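**Q** The residues making up each chain are set out below.
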Amino acid sequence: MKIIKIFLITVLSSVVLVSCEVEDGKDLNGPSTESISSDLSRGELRDAVFGILSDMRTRLGTQVDGQAVAGREYWRVASSDPRWTADLLTGTLDNNTFYTTNPYASRYATVKDVNLLLEGLANTTETFTAEEVAGIRGFANTIKAHELLMVLNQQFENGIRVDVADPQNLGPFLSYDDSLTAIFNLLADAATDLSNAGSDLPFSLPSGFSDVSFLEFNNALAARVEAYRGNYASVLTLLGNSFMNMSGDLSTGAYFTFSLDGADIANPLFFALNSTASNVRLAHPTFLNDAEAGDTRVSKVVLRDSPITVNNENNDQLVGTHDVFVFTSNTASVPIIRNEELILLAAEANHITDPTAAVAAIDVIRTAAGLGTYASTGLGTSPAELVTEILRQRRYSLYAEGGHRWIDLRRFGRLNSDLAGSIDRPGDAIFDRFPTPANENR
Amino acid sequence: MKKRTHFSKMKILLLLIFAPAILLAQETITGKVVVEGTGEGAPFMNIIEEGTNNGTSSDIDGTFSITVSTLPVNLRVSALGFSEKVVNVTTAGDITITVSESSESLEEVVVTGLATSVKRSNAANAVSSVSAEDLAGLTPPQTLDGALAGKFAGALITKSSGAPGGGIAVKLRGVTSINGNSQPLYIVDGVYVNNNSISAAGLNSVSGAASGGNPSSQDNPSNRIADINPDDIESVEILKGASAAAIYGARAAAGVIIITTKKGKQGKTKISFSQDFGFNTIIRLRGQRNFTEATAEGTGAGNGALFTAARNNGTLVDYEEEIYGEEGFISNTSINVSGGSENTQYYAGFSNNEEDGIVKNTGYNRKSIRLNMNHSFLEDRAKLSLSSNYIDSQSDRGYFNNDNTTTTIGQSATFTLPWTQLFPNELGIYPDNPDAASNPLQTRDLITNSEDINRFIVGATLDVKLYEAEKSNLKLALGGGVDYYELVTTTIFPKLLQFQKPGNGGINGVSALGTTENKDANYSAFLVHNYTTDSDLNFRTQGGVTKQTFYRNTVGNIATDLIGFETNLDQGANISVNQFRQEQEDQGFFVQEELNYQDKIIGTLGVRGDKSSNNGDANEIFYYPKASAAVNLHKFDFWKIPVVNQFKIRAAYGEAGNFAPNGALFTTYTNTLIDGVAGIIVPVSPLALGNPDISPERQKELEVGFDASFLDSRINLEFSYYNKTVDDLILRSNIEPSSGFTLEFSNAGNLENRGVEVSVNADVIEGDKFNWNSNLIFFTNESEITKLDVDAFNLGGFGAGLGTFRIEEGKSATQIVGNDANGNLVVLGDAAPDFQMTWSNNLSYKDFTLSFLWHWKQGGDNINLTNLLSDFGGTSPDFDDIDLDPAGVTPNGPFRVGAFGSGNATPFVEDASYLRLREVGLYYNLSSKIREKVFGKYVSNFKIGFSGNNLINIFDYNSYDPEVSNFGSNGLSTGVEVTPFPTSKRYLLHLAVDF
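Those sequence lines, one after another, are chains A and B.
Using the working numbering, the first residue of the first sequence is number 22, and each one after it goes up by one.
Using the working numbering, the first residue of the second sequence is number 11, and each one after it goes up by one.
Any given hint could turn out to be false.
Below, in silico cross-link-like pairs of lysine-lysine (PhoX-like), each with a Cα-Cα straight-line distance of 25 Å or less [what the hints assert, rightly or not]:
#: 1; chain 1: B; residue 1: K273; chain 2: B; residue 2: K377
#: 2; chain 1: B; residue 1: K529; chain 2: A; residue 2: K47
#: 3; chain 1: B; residue 1: K995; chain 2: A; residue 2: K47
#: 4; chain 1: B; residue 1: K273; chain 2: B; residue 2: K953
#: 5; chain 1: B; residue 1: K273; chain 2: B; residue 2: K475
No wet-lab data here; the hints were simulated from the structure.
Here the structure is a predicted model, which means the values were calculated and not measured.
Please work from the sequences and hints to get the whole structure.
**A** Structure representation (structure tokens):
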């Protein structure tokens, strides 16, 4: 049985052979999230910061389109996805499809980017100065607040989760008011941090932020949140610390920038003039019909060579004659917040306590749009009349750049009344919020 | 599928038992062994006096001489590659013995160990085999995996694209994985062969198919097993589940397909040449909507007048016919040379397959060169086998499947109204399509989407008998192989295209080049020991080690905003690059003990251990045991049923693994860019939270069954039942999106498949002139998710409003759910068929052979969105019919659009049953008399014939073909249809000559 012995030895040795080490697999295609969250280095700081700013743009088109269609600013037509002209006009929304889930998940993905950065900052072994730490934290929380506000704008009284740092242990859903408060507190803390950050942040920012200081940007966002909460006194204080300038360029502000380079993305809100029904944004007919004579802002829409007709199953038609043309190229920048909105926020904050200041602010906008002063319209300065005027100016000034109209009408309780005349087809309806995604398992 | 030739063997057995005692005497028989059909001498045939050790072999011309002790005598004539024959000789002197060539005799053994095989009659599993004749003899298949459809029990084989060059999903015995690999492992002559589907760079950036968050397996790529030339294949063995495949351990859960290529035979050099010519055409056109002026007006104001004018001028265009109406030319040329001496045999083959698609500018070309060598040395104690294969394959895939930009040829065509003029003018300028973002004729004529593969597959095995004695022997088996390929994908969308023009919002041309380098290698070393006791109990022990390495590097370069009409990557304003790398190393060992008691009882015990760099802990060894037993009842003395000449009962159990998919272990940042500065973000798609503790899936399969042969093996019946469970399912399940991720990986469920496989083979008629062999296969599979630790979740498809798959405890793994008219989520169907049945027949009359294969798939549902898309375009052929609305009021087009609008998925889930004549062939073999008159002695075989694929197709399914898959070949969600590349039927003429 010598053979058997030899054989057994061979079998044993082969088992030994197998016991030689196999190296652990590595992720060859990118850094793991742990590389940031476990220890943020100075070299990684810029990667994380630019990643966050870049990620803010993900699915921006879907979010803005959803809100703009809901607020009847325009119709979004996509022949390969007709839910744009079905669900979003009928108001029968799906809690598990792209217009609900994509913007929601994308905004929270940016929040995740921010939380990983904050975690890395807490665990860092890098020698960041106290000013640098404050600057990074102030930046991160400002962006986080903006992203949460974007989610809340769609979710409205569904409320949102604010504490989402641990995927396995997510925080509770807060009410709409509590969510706004939490967002405001984030901004306020960030403002404190930013004011302690010294003269320069420890990283550069993209060109979209070159017009304004980051603290001014923070204060502008906070003013928007306070206006949403109705805290008008606070709005005025914050505007004073922002980049608002009554006599300045209305377009001054913070912007998302786009390019066609490499991993960058193109402006998702741009379509060429006279695009086919495959993918087009058609101005809602009321935009032109409701415009005051002489308003130059009607140039935001352009007459098409031929109209586009969209049929639904009952053969009710939408006929679009004008293209939305706010962004005129696929690399045009998209405002995050700009002077024109701030001036209108000032008008709003003053409309009860100081109608004269409110009218002055309104007139800045009216003049820029080629219109006569508010006084020349003969309308009064009661709060109700001024709100109507402010909403009207916001509609035309901020047209198609952020889905503002739907939010604005909603916060003044005027969605149904103001949009009653904009219902296009039998069966269409107005809705005031997007459903919470099914996978949130509320 | 098996056709066995136990017939003569059984005779031998009976003769052995009943033959009277032998008287002593001396007689000499001389003669010649000739090959049936050719009449040529058969060299090196073994001729043995039945029941003795007395034997001889024929010389190079086939002549032999044998001295026997007495007459009459039975001579058994055999050799590899020929059917065994027993002749009764009553007188001494000259005789002629005719033997027939057979590939079937090779099926006699099936693989049961990594270094061993057993006689099929002793196997404990229903291992399916497909012979060269069954695979490619009837009608030449386009690809190997496609040729397997309908040929054996237990498989669901789906073509994911009709584009020439493949794209096929093979699922063995139901669902084996939800998010992991579900495609079988392919092994060719011992080499692990890669079967990746790699999407072309740049396609998704144009189609935007994945911009809605869906995976970009929607790009219609081919799969790499298509590179193997079916003509080179001698036989295919299919290990369908873990009970047979446990020997392959951690990679074997989806089954193993073992391919053996042709080898040379000792003897005269044989040259075979064959040439096929033919064409393909679309299986079914969907048809055109019958417009009236009123319905045309309904598609848009003013269209009624346009329709009427076009109708009156006779300028209505059938764009479906225009695009899919081509007849693609097919030409297959194959030449091979084989032969060899006693020590060295070789097989050298070259083939060139060309096939144009049914859409202009699509097609496939594969050139394959193979050289196989066998060499015996050290007095036949060592045998070296080498197989080498070089393949150059190219395919032009067109531009199809889902998109979000209405630019694919399929989608833009469904939106194009028949009065719209899209043909180029006399200057060659194409008008823009007013109905869609793309002019499909322009897109078809001007784009490039091609794959080009250069591939080497080289393998070697060395068997050495280290020791040999009367009762025992020891063999060393070494093996190794490399599969290396470079895949280049070229995607060009010139700036002339409607959707590339900047004026239309285009990006002024896209040129993309994707390069993949893939290198897989495997090595093994085994020792096999045989020991037979005096009581004829045989122990066979084997043990050894294996190692596999895998390497992939894919680089995609995309240039946009092109300069002039240049296509080089540096001739664009914007260039982006992406890279994907994968490296893996597996090591394992395998030990097995086989016991064989007089071929009556055969038992096997074995275990495989595997570790891999793809596991959370690379050095943790996962063990995969197996055990099986087979009892040949008919070999026992008590067996007294002469009608049943073989009866075997068998049971086998085994376990096998499936690795976590790439990326499951990690949460990886993806790169991004803003304002020229790079950044990192948690990825938008697939947004999966990795899990470093993930362990491989484990499949456990029990198979039981019996094999019975009746009437001297004229009728063979095989029955198997299996129960296959998969534990620790790796699921990419939903997670609350507020976590920043939408999906997370976890081991979170179990599933079970149960099924029955029955096959009956019968020589219905056996005569001198007329023969009829018939083979019937029936199989069915049922799956169930038996445990789910996460919430039920949807996957595949496009959401509950359009029909989606749903993983839910207690339900079928392949259920299709969707919202009904009341908005409730209900089960709308199941992708798994109720049963499948195939019926193949081989009829021969004199020199004519007629063979055909029917394939019936009963049940199994698809999610069909093609009609909905053409409803949006107003072009559906059944747009104005009224048969969907339960109330009988709304025509189908508006009904489907309305259902879509209200989120009702009911009309989109359709029964995908079919009955099809998968293959049919009629051949004529020139009889030897005529052949010799015409060609003299130079030609040994001359065959002509006609064949076809899919010539008859019967189905209710409301589109081109129920066999379709928008999401490619892997994963669960085959059977989703979004304007695919339609499948085709093929007609071919054949000529085959052997010299």
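**Q** Would you mind marking each hint as holding or not holding in the structure?
**A** Evaluated hints:
1. The hinted pair formed by B/K273 and B/K377 meets the criterion: a straight-line CA distance of about 19 Å does not exceed 25 Å.
2. Between B/K529 and A/K47, the direct Cα distance comes to roughly 18 Å. Compliance with the 25 Å bound is thereby established for this hinted pair.
3. At most 25 Å may separate the alpha-carbon atoms for a hinted pair to count; B/K995 and A/K47 exceed this at roughly 46 Å.
4. Distance check on the hinted pair: B/K273 and B/K953 sit about 22 Å apart at the alpha-carbon level, within 25 Å; holds.
5. Note on B/K273 and B/K475: the hinted pairing holds, with a Cα-Cα distance of about 21 Å set against a maximum of 25 Å.
This entry does not satisfy hint 3, going by the numbered hints stated previously; all others are met.
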